[in-house]
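Take a look at the letters that make up each chain.
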Amino acid sequence: MPENISITLHINGVKRTATVEPRRSLVDFLRHDIGLLATHVGCEHGVCGACTIMLDGRTVRSCLLFAAQADGAEVLTIEGLAKGEELHPLQQAFQQHHALQCGFCTPGMVLSALELLRENPEPTDEEVRVGLAGNLCMCTGYVNIVRAVRAAASDGKVK
Amino acid sequence: MSGEKKWVGQALERTEDRTLLTTGGHFIDDLTLSGVVHAAYVRSPHARAKIRHIDTSRALAHPGVCAVITGEDVAQSTRPQRGRVPLPNSPRVYAIAYEQVRYVGEPVVGIAAVDRATAEDAAELVHVDYEPLSPILDAEQALRPDAPLVFEEIGSNVLWHDTFPYGDVEAAFAQADTIVNERVTIHRYSSTPLETFGVMAQYEPATHSFTIWGHTQQPAQDLHVVAAAFGVSPGQIRLIIPPMGGAFGNKVRPLFIIAAALLAQKAKRPVKWIEDRRESLLALGHAADGIMEMSAAVKADGTVLAIKFRNIENEGAGIDFAGRHNLLMLSNIVNCYRLRAISYEGYSVVTNRCPVVANRGIGKPFMCFAVERMMDAVARALKLDRAEIRFRNFIQPDEFPYETPGGQTYDSGNYPEMLRKALARIDYAALQREQAEGRARGRLLGIGIATAVEPGGSNLSYGMLISGPSQLLSGQGEAARVRLETDGTATVFTGGLDSGQGHATALAQIVADELGLHIKQVRVATTFDSASHPYVMTSGVYSNKFHGHDTVAAIGAARKVREKLLKRAAALLEANVDDLELSDGRISVRGALQKGIGVAQVASRAYWSLADDQPDGEPGLEALHYYNNPLAKRPDEKKRLRVQLGFASAAHVAVVEVDAETFEIKVLRYVVIHDCGRQINPGIVEGQVHGATAHGIAAALLEEFEYDQDGQLLTTSFMDYLKPTAADLPDIEGDRLETPSPLTLLGTKGVGEGGAVVAPAAIASAVEDALTPLGIQIATLPITPSRLFDAVSSGMKRYERQKQNSEYRRQNPE
Amino acid sequence: MKPAPFNLLRPKSVDEALALLQSHGDEAKILAGGQSLVPLMNFRLAQPHNLIDLNGVEGLAQIKFDDQTLSLGAMVRQRDIERSTSIAEGLPVLREAIGQVGHPAIRNRGTVGGSLVHADPAAELPLLSVALEAIFQLQSLRGKRSVAARDFYQGYLVTNIASDELLIEITLPLPPAGAGWCFTEIARRHGDFAIVGAAIILGLDHDRRVNFARVALGGVGPAPVRVTAAEDVLVGKKPDAELYRCAGDAAAQAIDPPNDIHASAAYRRHISSVLVRRALATAETRLKEPE
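If you read the protein sequences in the order shown, they are chains A, B and C. Counting in the numbering used here, the first sequence tops out at residue 159, every number present. Counting in the numbering used here, the second sequence tops out at residue 814, every number present. Counting in the numbering used here, the third sequence tops out at residue 291, every number present.
No wet-lab data here; the hints were simulated from the structure.
The list that follows gives simulated cross-link-like pairs (lysine to any residue, SDA-like), each with its CA atoms no further than 25 Å apart:
hint, chain 1, residue 1, chain 2, residue 2
1, B, K666, C, V274
2, C, K29, A, E3
3, C, K29, C, L8
4, C, K12, A, E74
Put together the whole structure using the sequences plus the hints.
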C-alpha cells in the first residue's frame with residue numbers, strides 16, 4: 001500500500017496542508033480536495049492545456065504533476081487572478097472580445113496568455129498563436145483569443 | 001414601447017463570461033453528492049467478438065469497489081433500446097455490450113468504486129473471455145451479401161436504404177450536353193468537445209426514481225429513453241443538464257446515462273462517471289464516414305440541370321442515427337443551386353466501428369464537400385472559372401421563396417452577392433495574377449471557393465421517412481417560461497440547453513427588449529431541470545434550432561408576462577392598457593409620463609398582496625409559452641416535406657500554399673461572408689462562424705479517426721488525433737450579409753453549424769487549385785502532406801481514399 | 001485515466017537517488033519533468049511501482065560552458081535553455097532545437113535528461129545529441145561512466161542506461177568557431193514530435209571547402225541517425241546547391257524510415273532529402289568568419 005505524503009503549499013496565496021496519495025494528480029487535488037473548480041481536465045495526457053496553472057511562477061500542466069510534487073510550491077490558478085471584484089486585464093480583455101464560448105479551455109488559456117505577455121509584452125499575432133499553441137480550444141477557432149491577448153498587451157496593464 | 005430593439009442586435013459582452021473567467025463551477029464534474037462513488041468501464045479490445053464469459057469476482061472483492069455490472073445485469077434490469085428513430089427492423093441494444101461486442105471501446109463491464117483510480121484498478125482485475133470474430137469495417141464491403149453481420153437480427157448490414165427521385169431526372173439527362181461523374185469519400189472525425197461526457201446518477205429505491213445530472217442535447221427525448229429503459233414513468237426521472245463545455249452534436253448518448261443509473265441502483269449510492277479522453281475518442285461518437293457517387297447533367301453553358309446521387313453512410317455499430325445523415329444531406333443537397341431535378345439513393349450501413357453521432361453539421365459537411373467538388377469538376381470539364389460556374393447556377397435573389405425539387409423552401413438569401421463580396425475581399429483577380437506569376441516560379445498557390453446553404457432547425461417529422469408514419473415524434477418547437485421576480489427582474493426557463501453558444505445572453509437580450517428591462521435584469525436559468533423547466537420533445541440544443549425556436553418561445557412567454565404586467569399596471573394607474581408605455585423598468589402613461597409605476601412595484605404586489613384584487617384573475621407574474629413551428633409538418637405521399645426550417649448561407653474563400661517539395665499545406669488567408677439574417681448578438685455570431693470554420697479546416701487537414709484492418713482505433717489520444725492549435729489555423733476574416741428571414745419572428749436564420757459545413761469543401765478546392773500544375777483532383781479528406789506526396793509520386797491523378805479494409809477476413813467462420 | 005498505484009520517493013541528493021535506484025532496480029522509474037512519463041502512466045502503459053522524484057535533488061541543473069564544450073545537468077529545464085543568453089550565443093543550434101520542443105508549459109517542466117533518456121526517435125534533444133556527438137555522463141553506486149551518443153541510443157525507446165544508473169550530465173562538444181548550423185523539422189503541427197527532423201553543422205576552411213560536416217536525422221528509424229554518407233559527400237567540397245542536393249539524396253538513400261499513421265516511409269525518405277538540403281543552405285548563411 002503506497003504511503004501517503006504530507007504536503008504544505010500555497011495556493012493563490014493561501015497556505016494549505018494536506019495528505020495525498022502519491023498518484024493523486026495536482027489538478028484532481030486542486031479541484032476535488034481544495035475545491036478550486038475553475039481549472040479543468042481535458043485529456044490527462046498533457047496535450048490540451050485545459051489544466052494549465054502556474055507553479056512557482058511558470059505554467060505547467062497540472063494533469064502531469066502529482067499533488068505531492070507541489071509540496072513547498074506556490075500555485076496560482078485562475079481563481080487567484082482577479083483582485084476581489086476587479087478582473088485582471090486579461091480576464092477583461094477576454095470578456096470584451098468574446099474570447100470564450102463554452103469556457104472550458106479558458107482558465108488554462110488565460111494563464112498561458114499571462115505567461116506569454118510577461119515574457120513578450122508586445123507580441124505579434126503569430127507570436128500569440130505560437131505562444132498559445134499548447135492550449136486547445138474547440139469553440140472559438142482562436143481568432144477572438146488572439147484579439148483579446150493583443151488588446152490586453154496594447155493596453156499595457158498586464159503584469 | 002415594445003418593438004423597440006434596444007438590446008437585440010448589439011454585440012454585448014456575454015453574461016456567462018464572468019463566472020467562466022473567474023470561479024467556474026457549473027460543469028458536471030464540478031458537481032458532487034454526498035456518498036458519491038465513481039465509475040470506470042472495462043472496454044472491448046475487439047471490434048467484433050462473442051462474449052463467452054466474464055469473471056468479475058476479483059474486481060468485486062477489490063477494496064473500495066461498490067458495484068459491478070455486466071451486460072447480463074443490464075439485460076435483466078433494463079429494456080433494450082431500438083434507436084431514437086427506430087426502424088421497423090431496428091436491432092436492440094443495451095447500455096453496455098450484451099453477449100457480443102461490436103466495436104473496439106464498447107463498454108463491457110461497469111465498475112463503481114470509492115474513486116476513479118480505484119475503479120480503474122478494479123477494471124484491470126476483470127477477466128473477459130472473448131471469441132474474436134472477423135469484423136466488417138468498410139461500408140461498401142458491408143453491403144456485400146456475404147459480409148459478416150454487425151447485428152445478426154437484421155439479416156444484413158443495411159439499416160436503411162431508400163431512393164428519392166425529385167423532378168424529372170431522366171429528361172434532364174436527355175437534355176444534357178455533357179455528363180460529369182464524380183466519386184468522393186469522407187473520413188471519420190469529430191468536434192471533440194473539450195469537456196468530455198459526464199453523468200451523475202442517484203437512485204431512490206422507495207419511489208423507484210432517479211435524479212440524474214448529465215449531458216444530453218435533447219433532454220426530453222433522453223429522459224423518455226431512460227424512463228423506458230427502466231420501465232418507469234417519465235415523472236420518475238429527473239434530468240438535470242448543467243452547462244456543457246461544448247457538445248457539437250456528440251453529447252446524445254442516453255446509453256451512457258442508463259449505465260450510470262443502473263450502477264447507482266446496484267451500488268445504492270450516487271454514481272458519477274466522467275468520460276476520460278481516451279474513452280471519448282474511442283466511444284463517444286464520430287461523424288459518419290461515407291462514399292458519394294454523383295452524375296451531373298450539364299449544359300454547355302455550365303448550367304447544371306440535375307444530379308444523381310448515391311450515398312453510403314457508415315454508421316458504425318450504432319443504431320441511433322440510422323438514415324439521418326442521409327436525410328439531412330438530402331434536404332440540403334441542391335445547395336445554393338437551381339437544379340431542376342435530383343435523385344438520391346441513400347444507404348445507412350452498420351460496421352464494427354464506433355457509433356456515429358450528429359457531429360456538427362450532421363452529414364452536411366460531406367454533402368457540401370460532394371456538391372462543391374462536383375461544381376469544381378463541372379468547371380474543369382467546361383473550362384470555366386469556378387466562381388463563374390457558381391454564378392451561373394445560383395438561385396437568384398429574386399427567386400425567394402425558392403422551392404427545391406425535394407420540397408425544401410429556401411426563404412431568403414443573396415448567393416451571388418455573397419460570393420461577390422468574398423471574392424472582392426480576397427481580391428480574386430489580383431490573387432489569380434499572383435498565382436500565375438508564382439506558378440512560373442514553381443510556387444503552388446491555390447484559391448478555393450465553396451458556398452453552401454446552412455439550415456436553421458430541423459423538422460423532426462423527417463424521421464417518418466425512416467421509421468414510418470406512425471412515429472410519434474414530429475415537428476419542431478421549444479418551450480419557455482418567463483417569471484418576473486418581485487424586484488422587477490426576470491428569469492427565463494427554457495427547454496433549450498447551454499453548450500457554449502451564448503444562448504443565455506441572446507435570450508436575455510430578447511426578453512429584456514420585450515419587457516423594457518436592462519440586460520442585467522434578465523437572467524436565464526442555464527441548468528436545465530426537468531422538474532422545473534418546460535419542455536417539449538424537440539427541446540434541446542441541436543440542428544441550429546435556437547434562432548427560430550428557443551427565441552420565439554421566450555418571446556411568447558415574455559409577451560404573455562408583459563400583457564399581465566400591463567393589465568396590472570393599468571388597474572393600478574387607472575389607465576387604459578393601450579395608453580401604457582413600458583421601458584427602462586417603468587410603466588408610464590403616454591402623454592402623462594409623470595403618471596407611472598415601477599415594474600418592481602407591480603411585480604412585488606403580484607406575489608405578496610394576495611388579499612387584493614387580481615386584475616389578471618390570478619396572482620403572480622409568470623407565463624409559459626410553447627412554440628411549434630407551423631412550417632414543420634408531416635411528409636406528403638410523395639415523401640416530400642419541409643425538413644429544414646429556414647436557410648442561412650455562406651461563401652468561403654480559402655487561399656493556401658502547398659510546398660512543392662514537402663507538400664505541407666499552409667492556409668494563408670480565409671474569408672467567410674456569412675448570411676444568417678438578423679443577428680441577435682453579432683459578437684456571438686462572429687465567434688460561432690470562427691469556431692465552426694476552424695472545425696471544418698481541421699477536418700480537411702488534420703483530424704482523422706483511423707482504424708486498422710482489425711478495427712483497432714489508432715488515434716486514441718490527442719497526440720495522434722490531431723486537433724488544430726492556434727498556430728495551425730489562419731485568421732478567419734469575414735463580413736456579413738444580412739437578408740432577413742421572412743419565416744422567423746426576428747428575421748434570424750441559423751448559425752452554428754455553417755462554417756463546419758463549408759470549410760472542408762473550400763480547403764479541398766484550394767488545395768486542388770494549388771496543385772493544378774500537377775493535375776491532381778482532391779476526392780477525399782483529410783489532405784495530408786504524406787498522402788499527397790504518395791499520390792503525386794505514384795503518378796495518381798486523383799487524391800482519393802486508399803482501398804483500406806477492402807478485404808474482410810473470413811478466418812473465423814460463424 | 002488514472003495511473004496505477006506507486007510509491008513516490010523523494011531523494012534530496014544524487015547519492016540518495018542512486019541508492020534508491022539500486023535497491024528498486026527494475027521496479028522504479030525516474031521522475032524528472034514528467035512530460036513523457038506521466039502521460040504513459042496515466043494511460044497505464046507504464047506502471048512503475050516506485051517513482052524516484054529527482055525534482056528535489058540539488059546539483060543537477062547547471063549550465064556550464066568551457067572553451068570546448070557545453071555541459072548541461074540532467075535536470076536543466078528546457079525552458080531555461082530557451083531563455084539562456086549564453087546558449088543563444090554559445091550554441092545557437094541548441095536554442096533553435098529547443099524552441100521546437102512542445103509548448104511553453106511542457107518546456108517549463110521538461111528536462112534535458114528526461115528527454116534524452118526517454119529517447120523518442122522523433123524528439124529534438126536526442127537528435128541534437130547525436131549530431132553533436134554528445135557524451136552522456138552516467139552514474140550508479142557502482143561508479144561513473146561516459147557513453148558516446150552513438151552508443152547511447154540502441155533502439156526504439158531503448159538506451160544504454162542500466163536500471164541502476166542515472167544520467168547526471170551531458171557534455172556537448174562545441175562545433176568549430178564560425179561553423180554554420182541549422183535545426184529544422186517537419187511536423188504535422190507546431191510543437192509536435194517531428195515526422196523528420198534534421199540537425200546540421202557545417203564548417204568551411206580558408207579555401208571555403210567543407211571541413212566539418214554533421215548531418216543527423218530524427219524520426220527516420222528507431223533512434224536518431226548520424227548520416228555519415230551525407231557528410232562524406234560534403235567534406236572537401238565547395239558548397240553549392242548541387243552539392244547540397246547530393247548530400248540530401250545521400251541521406252535519403254542511407255536511411256530506412258518507418259511507416260506510421262502520420263507519414264509513409266516514402267514520404268519520410270523524400271523529406272529527409274529536402275530537409276537536409278534546405279538545412280545545409282540555411283547553415284551556410286550562418287557561417288561566420290573565424291577570428
